[in-house]
Amino acid sequence: MTTVRISDDALALACGADAVAAAFAAAGCTVERVSSWGMHWLEPLVEIDGLGFGPAVPGDVAAILSGTSDKAIGPIEDHPFLKGQQRLTFARAGRTRPLSLEDYAASGGWAALTRARGMAPADVVAKVLQSGLRGRGGAGFPAGIKWQTVAQAKAPRKFVVCNADEGDSGTFADRMLMEGDPFQLIEGMAIAAHAVGAERGYIYVRSEYPHAIAKLNAAIALAAEHVAPFALELRVGAGAYVCGEETSLLNSIEGKRGEVRAKPPLPALEGLLGCPTVVNNVLTLAAIPHILIPGGASLYDSLGIDRSKGTMPIQLAGNVKHGGLYETAFGISLDRLVNEIGGGTASGRPVKAVQVGGPLGAYIPPAQFHLPFDYEAYAGADALIGHGGITVFDDRADMGALARFAFQFCAAESCGKCTPCRIGSTRGVELIDRIRMGGKADADAVEALPQMHNARKAPRSRAEDLHLLEDLCETMQLGSLCALGGFTPYPVRSALKHWPEDFER
Amino acid sequence: MSRPSLTAILADFAPEQAALLPILHEVQAAFGCVDAQAEAAIAAHLNLSRAEVHGVVSFYHDFTATADPRPCVELCRAEACQARGVEALVAAAEAAAGSRVRVKTVYCLGLCSSGPAARTGDTLHARLDEAALTALVTSL
Chain A
1 MTTVRISDDA LALACGADAV AAAFAAAGCT VERVSSWGMH WLEPLVEIDG LGFGPAVPGD
61 VAAILSGTSD KAIGPIEDHP FLKGQQRLTF ARAGRTRPLS LEDYAASGGW AALTRARGMA
121 PADVVAKVLQ SGLRGRGGAG FPAGIKWQTV AQAKAPRKFV VCNADEGDSG TFADRMLMEG
181 DPFQLIEGMA IAAHAVGAER GYIYVRSEYP HAIAKLNAAI ALAAEHVAPF ALELRVGAGA
241 YVCGEETSLL NSIEGKRGEV RAKPPLPALE GLLGCPTVVN NVLTLAAIPH ILIPGGASLY
301 DSLGIDRSKG TMPIQLAGNV KHGGLYETAF GISLDRLVNE IGGGTASGRP VKAVQVGGPL
361 GAYIPPAQFH LPFDYEAYAG ADALIGHGGI TVFDDRADMG ALARFAFQFC AAESCGKCTP
421 CRIGSTRGVE LIDRIRMGGK ADADAVEALP QMHNARKAPR SRAEDLHLLE DLCETMQLGS
481 LCALGGFTPY PVRSALKHWP EDFER
Chain B
506 MSRPSLTAIL ADFAPEQAAL LPILHEVQAA FGCVDAQAEA AIAAHLNLSR AEVHGVVSFY
566 HDFTATADPR PCVELCRAEA CQARGVEALV AAAEAAAGSR VRVKTVYCLG LCSSGPAART
626 GDTLHARLDE AALTALVTSL
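In the order they appear, the protein sequences are chains A and B. End of the first sequence sits at 505 in this note's numbering; the numbers just go up one at a time, nothing left out. End of the second sequence sits at 645 in this note's numbering; the numbers just go up one at a time, nothing left out.
Hints in this document: simulated from the structure, not taken from any laboratory. Quick caveat: nothing in here was measured; it's all calculated off a predicted structure. Backbone N, C-alpha and C fix where the C-beta goes; we use that ideal spot for every residue, glycine too. Watch out, some of these pointers could steer you wrong.
Calculated pairs, EDC-like style, for lysine to aspartate or glutamate (alpha carbon to alpha carbon, straight line, at most 16 Å) [what the hints assert, rightly or not]:
#1 Lys497(A) - Asp382(A)
#2 Lys497(A) - Asp398(A)
#3 Lys256(A) - Asp573(B)
#4 Lys609(B) - Glu579(B)
#5 Lys256(A) - Glu557(B)
#6 Lys497(A) - Glu447(A)
#7 Lys256(A) - Glu521(B)
#8 Lys609(B) - Asp627(B)
#9 Lys321(A) - Asp335(A)
Here are some, though not all, of the chain B residues that point toward chain A, as calculated from beta-carbon distances under 7 Å [claimed, not checked]:
#10 Ala516
#11 Leu525
#12 Leu526
#13 Gly560
#14 Val561
#15 Phe564
#16 Asp567
#17 Thr569
#18 Ala585
#19 Arg589
#20 Glu599
#21 Leu614
#22 Ser618
#23 Thr625
#24 Leu629
#25 Asp634
Produce the entire structure from the sequences given, and follow the hints as far as they go.
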């Protein structure tokens, strides 16, 4: 009997994978539901004996089985999109059944945990330090240093918390990992717990990911005996973007409003319920098992450039022809990612801009596509890597409107704790509207009030309005408690710098 | 299907504040909202003030004070779906929805390579064009 492999990743499901799977089952095939290879434009991707067919619809079944389908892409593993990748975190993607403990063990699962538990906790931390792994959530803080801080803290209780509140538009690697290889994340957390001396862990996942929630719940139950005495609990967010910030995430787990805490104290010293807590992103924790196998740490350290070590699961999103997950060593250029690997825009029109790093990342013009994917190189260009999402826009994008959206999004999602973010975001929307409308004639209703004696009554020139916008950006960047308010200036400033014409009437 | 009573939901949770979000999710799912009466009962169970519970309920987008019985399409309007043209579909979706269906804006469903994307219940939809989105709205 023919065995057909079809992904049950949420994106494949959204593209109709269940109907295709049912059609193959009706045709007498054995259907195995596996994780996604990450070639999203080909989903639902059908695999039979290593050969791929996609994007498939139920009507393709007869042609695929008789070998006459025009959707054949040849051997999947030889596909150029996969050939160029170096997959560590996503080594199992497309190859294993996500909730099969058998598949997991057969592909090297639990080996790192067994080895780590045979080592002294301090030696595990040393391996993570040696690997050069930096936090994949966006800030890029060295994971080993964070672990060391928690490990050295003296406290009766410590926690490991996985930040799976992947709210950035243009990112989906956490979701794919949780849905496709949940045991790897759990193994990484168990290793972290051993390294720092924690007995309990939480995964905080956003409510927008129902499939990831279901997979994680099942995986936690299945893996419980493998990771015991470490105990793991899933917590579901409630639609607040800001809860991706680590301190508001901790408040949310504690049953509070997801407001940001002032730092210090660092969560590593006073985190969940006031106890020392490791808070790491999904991709950070999922990278751990590869680092803890023999030779893993030095392999990780040998990859990448400068201080950006190892591989990054990059997400190609937005208006891109070949979107999906591309894991590779740091150092790759945007030109290769967008134009060669991504194949340019899905619409076939010229690329105008890409936003790297989610809603708080800078818009980068094609003139800067030579930038190497590297934390410091991006920082030097007033941009950020963030969580590794790349959203492509074609020449129809209105950068003024996108800058306005950045403020609007910040206003909608601000936790309200600090003033620059809470009020500055709304002022930013108003200011960009005014600039795009060509300025204003008079003071507005509030400015005209007699008690607003410091407010300006006379009209502002465009130059003055732009200066005011820059002032606002500076206040938000330097005065906000967290990255939501602090990084909103990145998309705004970059849009204004590279596409000033989009801010004119 | 009978919905669980508030008392039955609360009985499943230890009386500690860390249980608040899981409780609120269950109450919202069972009743379509977390109203003032529910807030008071939850507060009593967790030994919190009603103000504390209300502060949490009103903070998160997923919890609402009143129930909206209409079917709902959650449409992603974040950057990646904007890049794939979601804004041009909004008017048609809202016209098809009228007052019968709720079209709710959400930011990111994690399908960013294949937008425009939407969610109905726990079902996801990708690669939407105007025809597919209006058909989805009409089908609810």
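Mind checking the CB of glutamate 599(B) against every CB in chain A and telling me if the closest is under 7 Å?
18 Å, violated
Notebook entry, point to check: Quick one, is the arginine 589(B) hint okay against chain A at 7 Å, beta carbons?
Noted result: Holds, about 6 Å.
Query raised in the report: Does the interface hint hold: is alanine 516(B) within less than 7 Å of chain A, judged Cβ to Cβ?
Result: 18 Å, violated
- Item | Proposed proximity, aspartate 627(B) with lysine 609(B) (alpha carbon, max 16 Å) | 15 Å, holds
(Q) Holds or violated: lysine 497(A) and aspartate 382(A), Cα atoms, limit 16 Å. (A) 11 Å, holds
Would the hint on threonine 569(B) be counted as holding, given a Cβ-Cβ threshold of 7 Å to chain A? 11 Å, violated
Residue hint leucine 614(B), partner chain A, criterion CB-CB below 7 Å: With a minimum Cβ separation of about 6 Å from chain A (threshold 7 Å), the hint on leucine 614(B) holds.
Next item on the list: Sort out whether aspartate 335(A) lies within 16 Å of lysine 321(A), counting only the CA atoms.
Entry: 14 Å, holds
#### Entry: Cut-off 7 Å, beta-carbon criterion: hint that aspartate 634(B) touches chain A
12 Å, violated
Discussion item. Hint validation: serine 618(B) versus chain A, beta carbon distance must be below 7 Å. Holds or violated?
Written reply: The hint holds - serine 618(B) has a Cβ within 7 Å of chain A, the shortest such distance being about 3 Å.
message = Hint aspartate 567(B) vs chain A: min CB-CB distance below 7 Å?
response = Holds. Min distance 4 Å.
Practice task
Would you check the hint for lysine 256(A) and aspartate 573(B), treating anything up to 16 Å between C-alpha atoms as holding?
Solution key: 25 Å, violated
In summary, the numbered hints that this structure violates are 3, 6, 10, 17, 20, 23 and 25.
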